[in-house]
Amino acid sequence: MAKLRLGVDIGGTNLRVGVVQDKKVIYEQRFPANFSSICKQHAPAIALQEILRVSLSALQQAIKLHPGIESIGMGFPGFIDPQSGHVTQSPNLPGLRNVDIAGELSRLLGLPVKMENDALVAALGEFMLLDTIPRSMVYIGLGTGVGGGLIHAARPYPGDHGIAMEVGHMITEPGGRKCGCGNHGCLEQYAAAPGVIASYALAAGKTLSARDIADRAAQGDTAALDAYALAGQHLGRAIAHVAKVLDPQLILIGGGLSQAWPYFSPALHAQLDLDSIPVFKGKIDIQVSSSSDQAGIIGAAHLVHG
Numbered sequence: 001m002a003k004l005r006l007g008v009d010i011g012g013t014n015l016r017v018g019v020v021q022d023k024k025v026i027y028e029q030r031f032p033a034n035f036s037s038i039c040k041q042h043a044p045a046i047a048l049q050e051i052l053r054v055s056l057s058a059l060q061q062a063i064k065l066h067p068g069i070e071s072i073g074m075g076f077p078g079f080i081d082p083q084s085g086h087v088t089q090s091p092n093l094p095g096l097r098n099v100d101i102a103g104e105l106s107r108l109l110g111l112p113v114k115m116e117n118d119a120l121v122a123a124l125g126e127f128m129l130l131d132t133i134p135r136s137m138v139y140i141g142l143g144t145g146v147g148g149g150l151i152h153a154a155r156p157y158p159g160d161h162g163i164a165m166e167v168g169h170m171i172t173e174p175g176g177r178k179c180g181c182g183n184h185g186c187l188e189q190y191a192a193a194p195g196v197i198a199s200y201a202l203a204a205g206k207t208l209s210a211r212d213i214a215d216r217a218a219q220g221d222t223a224a225l226d227a228y229a230l231a232g233q234h235l236g237r238a239i240a241h242v243a244k245v246l247d248p249q250l251i252l253i254g255g256g257l258s259q260a261w262p263y264f265s266p267a268l269h270a271q272l273d274l275d276s277i278p279v280f281k282g283k284i285d286i287q288v289s290s291s292s293d294q295a296g297i298i299g300a301a302h303l304v305h306g
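Numbered by this note's numbering, the letters in the sequence shown go through residues 1 to 306 in order.
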């Protein structure tokens, strides 16, 4: 029988825990965990203790229900040092620097714990769930931010400093909107949910959720369609540059915002055509994820090998 692994997908506002057997999630639970708010409202040391407390409680609950769990993998929204496993920084969780969350949880639980960037973990899960395995794959996740992951030779590639494929912080609009990373004009300021919300607010003069904006787009609302078109334009520009550097066989789009694919896809492909090297035009395979939002849990669960 395949071993039981625990996969954890940590976002800015929630924490999802899943028990995984091979590639199947046999138990899943979502916990409220507004780590973004915690980090903004508290000193780093206090925020870290709260993150550990919430995470530990969620993990202990899963382990109690499934005592055969042998390892824990975690996807975390930040830069993870490949050598130490420490979170070196998290643009969306301010104040966290050089903290060993995985090591501390491992000590408390008595199990091996490994942590990687959440988008890289999702990329691994998406890769494992594909019917046809590509030679190389780039994953771009659209949600509260924009994350990316590269799978090469069937393994996730974090880079030497843990910041490979941070596509959300590619500058697609020089001098544009201020980003949490400190720069201006980053992709995620336009193609993530808060970016779409900001674009709609600028055009319509009111603030709606990304889901409501998608509903407005379906009804033909011009401001909503323009907000998603702007997201698509920036995403197409970023994908063109990623393709020039990596030349992957497949680019997979996932994350919650990918459900609005029909509204930003036309602008994405138009901008991609404009910015691509002529020989690449029509050759970049872009697909939308069909993993039912479990890729992050499955990828995380398989971070610990053996």
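Don't take each hint at face value.
Once the Cα atoms are required to be at most 25 Å apart in a straight line, the calculated BS3-like pairs of lysine-lysine come out as [stated by the list, open to error]: (1) Lys114 <-> Lys24; (2) Lys244 <-> Lys206; (3) Lys3 <-> Lys40; (4) Lys24 <-> Lys64; (5) Lys64 <-> Lys114; (6) Lys40 <-> Lys244; (7) Lys23 <-> Lys3; (8) Lys64 <-> Lys40; (9) Lys3 <-> Lys178; (10) Lys244 <-> Lys283; (11) Lys114 <-> Lys178; (12) Lys114 <-> Lys23; (13) Lys178 <-> Lys206.
FYI, nobody ran anything at the bench for these hints, they're computed from the structure.
Could you work out which of the previously given hints the structure breaks and list their numbers from low to high?
The structure breaks hints 2, 3, 6, 8, 9, 11; every other hint is satisfied.
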